[in-house]
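Peer 1: Sequence:
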Amino acid sequence: VFAEAGAKVVVSDINEKQIDEVSSEINSCNATCLKQILDVTNQENIERVVANVIKEFGQLDILINNAGISIPTTIDDENYEESWDRTFDVLLKGQVNLIRAALPYIRKSDCGRIVNISSTEGLGATPRISPYTSAKHGVIGLTRSLAAELGSQGITVNCICPGPINTAMTAAIPAEDKQIYARRRVPLKRYGEPEEVAHMTLSLCLPAASFVNGAVLPVDGGLSIKRA
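Residue numbering for the sequence shown follows the numbering used here, beginning at 1 and increasing consecutively.
Don't take every hint at face value.
Lysine to aspartate or glutamate pairs mimicking EDC-like chemistry, simulated, CA-CA at most 20 angstroms apart [unchecked claim]:
1) Lys35 with Asp20
2) Lys8 with Glu56
3) Lys35 with Glu47
With beta-carbon atoms standing in for the labels, derived distance ranges [to be verified]:
4) Ala228 with Ser24: 42 to 50 angstroms
5) Ala172 with Asn42: 24 to 32 angstroms
6) Gly151 with Glu195: 27 to 35 angstroms
7) Phe57 with Ser24: 15 to 23 angstroms
8) Lys108 with Ile75: 42 to 50 angstroms
9) Gln179 with Gln153: 42 to 50 angstroms
10) Glu44 with Arg190: 36 to 44 angstroms
11) Arg107 with Ala175: 42 to 50 angstroms
12) Asn52 with Pro174: 38 to 46 angstroms
13) Gln179 with Ser24: 25 to 33 angstroms
14) Ser224 with Phe57: 32 to 40 angstroms
15) Arg107 with Thr74: 37 to 45 angstroms
16) Ile75 with Gln153: 36 to 44 angstroms
17) Ser28 with Arg190: 25 to 33 angstroms
No wet-lab data here; the hints were simulated from the structure. Note that this is a predicted model, so its numbers are computed, not measured. Glycine included, each C-beta is placed from N, C-alpha and C at the ideal position.
I would like the entire structure built from these sequences, with the hints used as guidance.
Peer 2: Written out as structure tokens, the structure reads:
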């Protein structure tokens with residue numbers, strides 16, 4: 001979606017196969033992309049990728065924090081602390097470290113944008129995923145705090161909260177269960193598609209959104225406002 005809008009895109013992931021698949025899509029529309037293997041829990045890895053971006057493109061205007069992980073666990077699980085640490089390292093600390101590494105270059109931009117991906121779990125809660133829910137609440141707090149801190153420098157910081165989306169993280173859920181959940185919980189009666197999240201993310205990076213700062217925007221088909 002960003003490539004089709006004319007952006008030079010850095011395709012980063014911990015999984016090289018995923019990088020190749022997305023890069024192929026971008027190349028098919030004659031757009032420019034840079035492939036980078038990135039583990040957001042590795043500080044040296046983060047710094048290397050940012051350096052490569054500057055070497056390749058000479059600038060960095062937009063950062064989308066979209067690394068994801070979900071580890072179901074109960075509070076009394078013997079591996080709870082390990083699940084908590086791993087979840088926070090990816091979902092929250094990873095975002096902080098990427099922002100810190102990219103910020104010197106984003107400050108030089110005349111259209112600096114940071115978009116953090118949270119979740120509707122950041123607006124509510126579901127049993128047995130408390131590390132995930134807590135980290136996603138933290139992403140919203142990080143977004144709001146940095147929006148207040150960086151706004152005076154011309155950098156906007158906003159947050160997208162996807163609801164049930166057809167991604168790799170939900171691929172293991174049986175289609176029938178998805179349909180039941182969507183009919184019960186989502187006013188639009190369906191799961192969303194990744195492109196629908198991407199378009200909202202892109203909109204926050206366009207010149208038309210230059211006065212949008214600190215926003216927390218659900219992309220969830222109405223899930224977060226439904227009470228019955």
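Peer 1: Could you run down the list of hints and mark each one as holding or not?
Peer 2: Here's how the hints hold up against the structure:
Distance check on the hinted pair: lysine 35 and aspartate 20 sit about 8 angstroms apart at the alpha-carbon level, within 20 angstroms; holds. The straight-line distance between the Cα atoms of lysine 8 and glutamate 56 is roughly 10 angstroms, inside the 20 angstroms bound, and the hint therefore holds. A distance of roughly 15 angstroms separates the Cα atoms of lysine 35 and glutamate 47; the hinted pair therefore holds under the 20 angstroms criterion. The hint said 42 to 50 angstroms for the Cβ distance between alanine 228 and serine 24, and at roughly 44 angstroms that hint holds.
Between alanine 172 and asparagine 42 the CB atoms are about 26 angstroms apart, so this pair conforms to the stated range of 24 to 32 angstroms. The hinted window of 27 to 35 angstroms between glycine 151 and glutamate 195 holds, with their beta carbons roughly 29 angstroms apart. Separated by about 20 angstroms at the C-beta atoms, phenylalanine 57 and serine 24 satisfy the suggested range of 15 to 23 angstroms. The given range of 42 to 50 angstroms is respected by lysine 108 and isoleucine 75, whose C-beta atoms sit roughly 45 angstroms from each other.
Between glutamine 179 and glutamine 153 the CB atoms are about 46 angstroms apart, so this pair conforms to the stated range of 42 to 50 angstroms. A hinted range of 36 to 44 angstroms for the beta carbons of glutamate 44 and arginine 190 is consistent with their spacing of about 42 angstroms. A hinted range of 42 to 50 angstroms holds for the C-beta pair arginine 107 and alanine 175, which are about 46 angstroms apart. Judged by the Cβ atoms, the range 38 to 46 angstroms given for asparagine 52 and proline 174 holds: they are separated by roughly 40 angstroms.
Checked against the hint of 25 to 33 angstroms, the C-beta distance between glutamine 179 and serine 24 comes to roughly 31 angstroms, which is consistent with it. Distance hint check for serine 224 and phenylalanine 57: the Cβ-Cβ separation is about 36 angstroms, which falls inside the suggested range of 32 to 40 angstroms. Range check, arginine 107 to threonine 74: about 43 angstroms between beta-carbon atoms, so the 37 to 45 angstroms window is met. In this structure the supplied range 36 to 44 angstroms holds for isoleucine 75 paired with glutamine 153, their Cβ-Cβ distance being about 40 angstroms.
Taken as a hint, the range 25 to 33 angstroms holds for the pair serine 28 and arginine 190, whose Cβ atoms sit roughly 27 angstroms apart.
Going through the hint list in order, the structure satisfies each hint without exception.
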